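Q: We have chain G already, so just place chain Z with the ligands on it with the hints.
Protein chains: 2
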Amino acid sequence: KCITEVLFFPDLKVACKAHFTSIEGCNNRHCRYTHSGNSLSRLYNYLTLSRKSLDVCVFVLSCADLADILILVHKRGVMVRIITDNEQVNVQGSQIWRLRSEGKFSCLFSGIIVRTDNSSFFMHHKFVVIDNEILINGSFNWTRQAITGNQENLVVMNDPEIVQQFQTEFENMWTEFDPR
Amino acid sequence: KCITEVLFFPDLKVACKAHFTSIEGCNNRHCRYTHSGNSLSRLYNYLTLSRKSLDVCVFVLSCADLADILILVHKRGVMVRIITDNEQVNVQGSQIWRLRSEGKFSCLFSGIIVRTDNSSFFMHHKFVVIDNEILINGSFNWTRQAITGNQENLVVMNDPEIVQQFQTEFENMWTEFDPR
Ligand SMILES: [Zn+2]
Ligand SMILES: [Zn+2]
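Chains as they are written, first to last, in the numbering used here: chain G, 1 to 180; chain Z, 1 to 180.
Keep in mind the hints are simulated off the structure, nothing from the lab. Everything numeric in this text was worked out from a predicted model, so none of it was measured. Hints may contain errors.
What the hints assert, rightly or not - Stretches of chain G that chain Z covers, calculated by requiring three or more beta carbons in the stretch to come under 8 Å of a beta carbon on chain Z: (1) 1-8; (2) 120-131; (3) 147-153; (4) 158-165.
From the three backbone atoms N, C-alpha and C, an ideal C-beta is built for every residue, glycine too.
Chain G with its partners taken away, still in its complex shape:
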């Protein structure tokens, strides 16, 4: 079935992560987040529905809630790989070290592997490929400001030709940015 969905930001309110990503749902009676569907909740849906692989390629990754989702699906056994910009790894709020370390939750699993470019230019993409089947691509960096502040867009699509080109781009960068 053909998926084409456009998500625009900013959302008026921040979607409740517990409500949209856990089976138990939200049990905070005084929850300050919204339980109504919006752009962030759709993004949560797509990410949590991943079954095999999540290839994340974003310039900035500083939103702890979105990093939580990556750790969640990693713990479920989804292969999570991240490419980001080297100059963004150490900025305030960066989730990169947490993803690399908290992912290591048992002797069975290593942390989530994060690779970066090593140039003064920007690794400026903002896309995710889910299960080699769905592409989410646009202007949206994984920051809190992008969710409720900025004008941003994401296009979700599963056209196999487009998805394949982004998957190949990801694999090429993954190899190019191998630190060894």
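A: Below, chain Z with the ligands alone, put in the same frame as chain G:
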């Protein structure tokens, strides 16, 4: 006919603007730019083929060559409208004032109208809608660094449902950012 094309950057060389956008072509025998097709030349192609309208919505617009294309099609009678981020209007190399003034080339035409947000958040989109029919969207700001330096993407498509949603987003911002 269905258009879906992915353009990845960086290009190895800068495409020759004269070669790809003018009927006469390039007559510089010592041209240092490339006459081989690449991602920038495809972007030039799409922009110069506009017949009615070009709605440009980009966070940063500092590439003089891409601004030249907007002035070119504006002079041909294409309705060019630009939305950009207010904090980017006065950065070094910004083409905004040039677009506003050089567009005014005769008493028949006004300059190109550029509108901006007026918040500390970012108008962070990077998309163009051509003739209300083709969408070009991705991570690509209109800067020289995005052409030959950064990892960037643009997806070109003409799926009417997606194009319509971006056209509506543009119209909504155009109204919201009206300075009057
Ligand atoms: Zn809640
Ligand atoms: Zn030339």
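Q: Going through the numbered hints above, which ones does this structure break? Give me the numbers in ascending order.
A: Of the numbered hints, all hold.
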